[in-house]
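Could you put the whole structure together from the sequences, leaning on the hints where they help?
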Amino acid sequence: MSDTLKTTPLHALHLELGGKMVPFAGYDMPVQYKLGIMKEHLHTREACGLFDVSHMGQALLKGDDVQTAIESLTPSDIKGLPNNGIRYSLLMNEEGGIRDDFMVTNRGDHLYLVVNAACKDADFDYIATSLPDHSLELLEDRALLALQGPKAAEILNRFAPGIDQLIFMNMGEFDIAGIPCLVSRSGYTGEDGYEISVPSDRAEELARKLLGEEEVEAIGLGARDSLRLEVGLCLYGSDIDTTTSPIEGALNWAVGKRRREEGGFPGHDVVMKHLSEGVSRKRVGIKPLGRAPARAHTEIADKDGNIIGEITSGGFGPSFGGPVAMGYVKTEFSKVGTEINLIVRGKTMPGEIAKLPFVPQRYYKG
Amino acid sequence: MSVKYTEDHEWVLVEGDIATVGITDYAQNAMGDIVFAETPEAGTEVSKGDDCAVVESVKTASDIYAPISGEITEGNQALDDQPELVNASPEGDGWFFKMTIADASELDDLMDGAAYKKFCEGLD
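Those protein sequences? They're chains A and B, same order as listed. All the letters of the first sequence, read from the start, carry residue numbers 75 to 440 under this note's numbering. All the letters of the second sequence, read from the start, carry residue numbers 16 to 139 under this note's numbering.
Everything labelled a hint here was simulated from the structure, so no lab data went into it. A few of these clues could be false.
Claimed, not checked - Label pairs and their calculated CB-CB ranges:
id: 1; chain 1: A; residue 1: Glu426; chain 2: B; residue 2: Asp95; range: 18 to 24 Å
id: 2; chain 1: A; residue 1: Tyr437; chain 2: B; residue 2: Asp124; range: 41 to 47 Å
id: 3; chain 1: A; residue 1: Gly311; chain 2: B; residue 2: Leu28; range: 42 to 48 Å
id: 4; chain 1: B; residue 1: Leu122; chain 2: A; residue 2: Gly311; range: 41 to 47 Å
id: 5; chain 1: A; residue 1: Asn326; chain 2: B; residue 2: Phe134; range: 52 to 58 Å
Where is the CB? At the ideal position from N, CA and C, for every residue including glycine.
Rendered as structure tokens:
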């Protein structure tokens with residue numbers, strides 16, 4: 075198995091730290107370390123966790139008026155993004171579905187892109203083919219580390235004084251312990267934190283420096299998933315995909331105001347129709363009322379037993395202290411507090427539509 | 016009294032004509048933090064191999080199978096509120112259910128402690 079899996083520059087370190095390795099998006103990745111998912115999750119919310127997310131795709135898009143160029147593929151307002159500003163964006167198909175979600179940073183004369191591991195080959199092909207007059211430079215010689223949690227800023231500031239002043243969804247170049255890095259104040263946990271793009275040959279050195287701080291623990295993909303679920307962040311391929319529009323996915327905020335009027339991105343007609351006429355189904359938070367988690371693909375029924383939707387992500391929320399989920403329901407059942415039933419292993423279990431996030435997001439906004 | 020083991024990492028403690036069933040330390044360790052356990056109701060008839068209980072970690076749900084045929088006499092209700100007992104004491108307070116032994120010869124198909132230990136070593 076591991077012969078065919080790719081590895082990140084931190085692979086040897088994962089093994090040394092006792093990482094339990096699993097295949098994920100073609101990579102051999104740690105699902106957890108010795109602490110286990112529960113403690114890793116709680117430690118990230120209470121102190122600080124270090125994640126290896128080097129499997130994600132990093133690239134630079136270069137060329138004339140690159141901000142305008144990328145807008146032909148995404149409904150985000152990229153031209154309105156200040157220098158070094160970061161935006162959560164969507165790659166769209168003509169049917170108004172989502173090819174992938176990705177992060178776009180405006181670097182002035184170019185864009186820095188981060189896409190999902192499972193989609194990266196397809197995304198980069200698509201972007202390069204769609205924008206033949208621009209050049210897409212894949213950053214295959216860079217690793218990506220995420221340092222997340224309420225202590226992240228204080229810790230990183232020890233190695234890069236001033237980095238604590240970087241504001242959420244902004245990027246800067248910093249030397250961290252003498253290693254040149256491209257640093258975003260962003261993440262996928264709902265906590266304050268950073269995503270650090272670092273040359274591959276210095277990634278392990280940086281990871282060891284950060285893990286040497288007593289508040290920092292290595293965190294695996296298991297806790298990464300439970301952390302993002304508790305704060306209501308979508309997992310591409312589960313919560314949104316090529317069949318869900320941004321409006322069905324409750325990502326209206328990712329469709330720029332100017333872009334709604336101007337259009338010029340794939341699926342604009344569908345998005346506008348969904349905005350003006352409403353949608354028949356919608357992504358919502360779902361709280362199972364018992365102790366049993368309701369996992370992805372659990373059917374959702376109304377109180378009369380009619381199927382009204384399906385869970386797309388579900389599990390146990392360690393900080394929430396109970397099961398949490400999200401999924402799609404028919405719009406008439408999407409109001410917070412609506413009582414529903416969840417069909418778990420053939421049995422009916424009560425649940426209710428819940429407000430997202432389940433746990434408050436805590437970002438540094440200056 | 017003797018303890019037998021299955022390839023699904025369950026233990027079966029036989030005391031007289033009642034068997035107590037749970038998951039092994041190896042199994043709880045592999046699953047990680049247990050957040051939910053569902054045990055069968057007394058009176059349920061089960062055949063060897065039937066799924067009759069559920070254990071869930073943060074990440075996954077797993078079925079627990081009847082290691083032998085018989086009738087459930089008791090589910091461990093302590094697990095309803097304290098599923099973490101399965102991690103803390105998998106082969107003690109974290110037991111799942113007790114059952115009658117319909118056919119004692121089915122016990123012969125299970126492994127003894129030494130064989131199970133060897134079985135686990137072969138998995139690592």
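Hints, verified against the model:
no.	hint	in the structure
1	A:Glu426 <-> B:Asp95: 18 to 24 Å	holds (21 Å)
2	A:Tyr437 <-> B:Asp124: 41 to 47 Å	violated (57 Å)
3	A:Gly311 <-> B:Leu28: 42 to 48 Å	holds (43 Å)
4	B:Leu122 <-> A:Gly311: 41 to 47 Å	holds (45 Å)
5	A:Asn326 <-> B:Phe134: 52 to 58 Å	holds (54 Å)
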